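Chain Y is fixed; fit chain D onto it per the hints.
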Amino acid sequence: MSLPDLDERFDELVLELRATQVSAPAGLRDRVEALVKAEPEERPARRQRRRLRLPLRRLALVAVPVAVVLAAAGALVGGLATSGGGSRQTSGSLQRALVPKALPARPAPAPNASLHAATGAGATIAPSPGRAQLYTADIYLRVKDLSAATKSALATARSLGGYVRSVNYDDGKDSGSAELVLRVPLRAVQTAIVRFSALGTILQQHVDAQDVQPRIDARFRQMQALRLQISKLQKLPVTDSTTAKISKLQRELRVLQADQARETREYSFATIALSLTSKQPAKPKPQPVPPSRIDRTLDRAGAILLDEAVVVLYVLIVGGPIALLAAFFLAGGRAVRRRGEARLLERS
Amino acid sequence: MSDEFAAVAEQHLDDVYSYLVYLTGDRDTAEDLAAETFEKALRSWKRFDPRRGSAKTWLCQIARSRALDHFRSEQRRRRREDLYAVREPVDHEEVFGRGLSPWLERALKTLSAGEREVIALRVLLGLDAESASRLLGISPTACSTRLNRALTKLEERVRTYVAA
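Those protein sequences? They're chains Y and D, same order as listed. Using my numbering, the first residue of the first sequence is number 1, and each one after it goes up by one. Using my numbering, the first residue of the second sequence is number 1, and each one after it goes up by one.
Okay, chain Y solo, but in the shape it has when bound (with noise of 0.2 Å):
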């Protein structure tokens, strides 16, 4: 019967020593007994206390997973939470991002006595028959055929009429423009400007129309005024005094015949700037789709989860040295109480 980590030649030793069992003395079992019967029976409850104690090391162990869970279903609630409706993310800002700039934003239209307009259509204002006016117009337009729309703006002018002040024709290898400025008579004008309109889309259209019929009629007053006086001299003997004022006058008066040819004629015509681009509009970028309900909630959880990992990672930073020390200390103070009972032990 010898132990297993002993050397076989104790064998004989062991014999002895258990052959020899020290038994209680009598008086010990007495006390012992006596003991025993003076404990009182304990109560239900205390017994059912003691029985439901659970060690910590397997509380630990349950302990642990149920936190992890409890933080992963805390996530999961959270990100159901705060990852919001469906439907409700698609409208506002998003919508409005999917629609395409048709047109750019039109300048504000100066403050202007006469009539003007500005639209995005093709839309203009009539010539008033009978009236002199300062009429121009600034169309905008996107064509496919650049060279094409410029000469059929050119010949459009023409043959209505007019003619060309100015062109100015740049042509790229991807985009290019042309500016042309045209003449085109007054009473052509909205022809003029429904033809251009459809060369291709409108961008920008601002048409301006100005009434200067009151400078004429004031010069012609004036005229008038001056035709009369020089009649009057004329009626009255030739002096060189009177030969001189009519001279005067009549030098006045041409001026004032020629402005007033000039302005008519200048009056006669509108003046059409024409601005044409076949540069074509950016293609608005595809919006990525909108994460589902899912989705979101995932991300969120995933968040939360990272905020709780933060943390946790912080109490261990800190509290890990902390641990750690106690640890150390409890440990070390198990062995030197050890080693003091190994001492004591060795000395009695």
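These aren't lab readings, by the way, just hints derived from the structure by calculation. Treat the numbers as computed from the prediction; the structure is a model and nothing was measured. Check the hints yourself; a few may be wrong.
[As the list claims (entries may be wrong)] If you want the footprint, here are the derived chain Y segments under chain D, 3+ residues with CB under 8 Å:
#1 25–39
#2 265–276
#3 332–344
Yeah, the Cβ is synthetic: ideal placement off N, Cα and C, and Gly gets one too.
Positioned in the frame of chain Y, the structure of chain D alone reads:
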């Protein structure tokens, strides 16, 4: 509860007593300490968990704690009384059981309490290396080493006494 404890006490009374006899080398002291051990065990019985170890090991742990307290108080008392010399047991006294050869009895008395303790736990009480090492607060290997050394020393002493 009392019935359970009474059964355990009845079953392990001799074990605890013999362990304390070997540990202290004094039957009277061992008897007092054994009584204290069972008193303490009775009070702590609700804390006993059979899954963590046998009742014998648990009782021996309490007994060891009481014995260590006893040794400490003895040490303090000796210091106070300036009696540093270890009390020599009476040669003819049969401390470790009837039937032991006088040489073995005498050799056991010369061993330290620590050496007798490991012999008591492993040889007399029959605890396995793991239970004994847990009780002693050392590794199983250290426990085996300690037992081998104690038995070697005991054997040498016995041989010396026989030869003399």
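We went through each hint and held it up to the structure:
Taking a C-beta to C-beta cut-off of 8 Å, the stretch 25–39 of chain Y contributes 11 residues in contact with chain D, enough for the three needed, and the coverage statement holds. Three residues within the 8 Å Cβ limit are the bar, and the stretch 265–276 of chain Y against chain D gives 0, so the coverage statement is violated. Counting residues of the stretch 332–344 of chain Y whose beta carbon lies closer than 8 Å to any beta carbon of chain D gives 5, which reaches the threshold of three, so the coverage claim holds.
Against the hints set out earlier in the document, a violation occurs for number 2 only.
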